[in-house]
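Start from the sequences and build out the full structure, keeping to the hints where you can.
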Amino acid sequence: MEINWRQNYTAGIAPPTTVRSLIIMASWVTITHAAVAMVLLLMQFGFPARSKPVSTDPNICLNLMTELKCCPDWSSKKIVNFKLQPQSSPLRVRRPAHALDAEAAQKYERATALMRALPDNHPWNFVQQANIHCAYCSGNLRQLGLNISLEIHGSWHFFTWHRAYLYFYERILGKLLNDPSFALPFWNWDDPSGMSIPAIYRDNSSSLSNPTRYPIGLKFIDLGGCEGNNTVESLPMQRQCNLQLMHRQFIAGFNSSSLFYGSPYRAGDNSFPGGGAIESLPHSPVHLFTSSDMSILTRAAQDPIFFAHHANIDRLWAIWESIPGNGSKVFNNDKDFLEASFLFWDENKQLVRIMVRDVIDTAKLGYVYEQVPLQWMNLRTVVEEVGSEGVAMAMGEDDGGKGEVRFPLVLSSQVSVNVGRKVGAKGEKLVVSDIELDGRDHVWFKVYVGRVGGGRVEAGCFIHMERRANERINMATKLQIGITQFIEEIGADGDVWVVVTLVPKVGGNKVTVGGVSII
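Residue numbers (full-length UniProt numbering): 1 to 519.
It should be emphasised that the hints constitute simulated quantities derived from the structure, not laboratory data. Hints may contain errors.
As the list claims (entries may be wrong) - For lysine-lysine, the following DSS-like pairs were computed, each having C-alpha atoms within a straight-line distance of at most 30 Å:
| id | residue 1 | residue 2 |
| --- | --- | --- |
| 1 | 429 | 446 |
| 2 | 335 | 478 |
| 3 | 349 | 78 |
| 4 | 335 | 349 |
| 5 | 429 | 510 |
| 6 | 175 | 83 |
| 7 | 175 | 77 |
| 8 | 69 | 349 |
| 9 | 478 | 505 |
| 10 | 429 | 329 |
| 11 | 52 | 77 |
| 12 | 446 | 478 |
| 13 | 478 | 426 |
| 14 | 335 | 364 |
| 15 | 426 | 335 |
| 16 | 329 | 83 |
Please read all numbers here as calculations on a predicted model, not as lab measurements.
Okay, here's the thing in structure tokens:
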């Protein structure tokens, strides 16, 4: 558990008024010196404070961006606590967007049109709903009782916040239609049949369109490193590459809550402690390759396809939980996770505070996902063969000073280091630590794990999407990747060293890396 240290206590020690003996005095001096040393340490670093869950402050929002004012009008509004409702009707079924029948597609388009037609200041208005996402990812909102920004990306609340956001958005659309059975579609981009922008979003006259969409997305959506020329000949290979990426990301966060969800984020913590495997990829590349609005987090929800995209992210969370053994790993005993709370307008125009514990089970929220094939689930990881000339010397190795890597470093070019590991250790994690950048910048680098003088696998990547702000956003975070299966697949089970390679793709000269280790 992470502990926040606060410098808000002082202490003093009063000496005894009489001295009984030299022995007592000597003992007292020894003890007092130790006590004073302890007091000085406590005065310097503070006393440990009991951790608390993050919670949204309804009365403070700063509007830090000149171009987009997205603070919600929550001040002085009555807030009620969310309550799960008994399920007396059939569960709503979220279906693939590309497979919706004409009636379902028309219903969704009509609901969105009704939302867009509402007065600009109506809490259900489409732009007002999109602004909720902006407020939670721009540094505008504050943690309750603390003058610290509240951010819902880059931590264990990435999945939970977005599930709550989509839940209320879906309920509002159903209310506009007077149809409580209405369910959002999901963009099934992890299946070859859904690896392009679905047809329902392509009509420029539709309420589901967005003028900033990239034409390339009409043929293919790259999940992160599967670029091609989108021809009839290349598309099958690109789609297979996407399936390999999906397989890899599930391995990277397969059976660990912290690897899948992201790092803990408690009241008083700085933003972006570290995101999970799925948040980096495929989540971010789908944003980046869909539209200009989608590629900037603060504007992303201005594109209606955002909600289908995040419905699929939500579906992947549900799939991960359904894997035997994973459901019990959802930080079930951590109150700071379960009691974190966020604010949303509900389908009755009531401002509601919802806790994470309320969103763990989709069935209790009244919906499920249509089951579709998972072609990526049982693939094998692709091992690349790399010549020995492609491996740089690690820091500390004697190579006459050539090729030595010293951290921290700016990742302006590819870097390879030999990293030690404990043979036979269970649940090995690769940690790229002290990643520092300006949160306004788009940064993307790949991470490879290889055998010394042998093959390697792409184990994961770090992706930070562009944000808009008037001033620099100081960001320090880390990347964690589960590598146990990757170690097996490159045949390095008995090796005490592996080669870790960081390859900048975008903005390498804008990011500093503090170190690489295996724990």
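For each hint, the structure was consulted:
Only pairs whose Cα atoms come within 30 Å are accepted, and residue 429 paired with residue 446 is accepted, the gap being roughly 16 Å. Distance hint between residue 335 and residue 478 is fulfilled; the C-alpha atoms sit about 23 Å from each other, no more than 30 Å. Taking the CA atoms of residue 349 and residue 78, the gap is about 11 Å. The hint holds against a cut of 30 Å. Taken as a hint, the residue 335 and residue 349 pair is honoured in the structure, with Cα atoms around 29 Å apart against an allowance of 30 Å.
Proximity of residue 429 to residue 510 is assessed by CA-CA distance (about 25 Å); at most 30 Å being required, the pair is judged to hold. Under the criterion of a C-alpha separation no larger than 30 Å, the hint pairing residue 175 with residue 83 is consistent with the structure, at around 18 Å. For a cut-off of 30 Å, the pair hint linking residue 175 to residue 77 stands: about 21 Å separates their Cα positions. A distance of roughly 21 Å separates the Cα atoms of residue 69 and residue 349; the hinted pair therefore holds under the 30 Å criterion.
For the hint linking residue 478 to residue 505, the alpha-carbon distance of about 18 Å falls within 30 Å, and the restraint holds. Straight-line distance between C-alpha atoms of residue 429 and residue 329 comes to about 17 Å, which keeps the hinted pair within the 30 Å bound. For the given pair, residue 52 sits about 24 Å from residue 77 by alpha-carbon distance, which is consistent with the 30 Å threshold. For the hint linking residue 446 to residue 478, the alpha-carbon distance of about 14 Å falls within 30 Å, and the restraint holds.
A threshold of 30 Å between alpha carbons decides the hint, and for residue 478 with residue 426 the separation of about 21 Å falls inside it, so the pair holds. Straight-line distance between C-alpha atoms of residue 335 and residue 364 comes to about 20 Å, which keeps the hinted pair within the 30 Å bound. At most 30 Å may separate the alpha-carbon atoms for a hinted pair to count; residue 426 and residue 335 meet this at roughly 27 Å. For the hint pairing residue 329 with residue 83, the CA-to-CA distance comes to about 24 Å; that is within 30 Å, so the pair holds.
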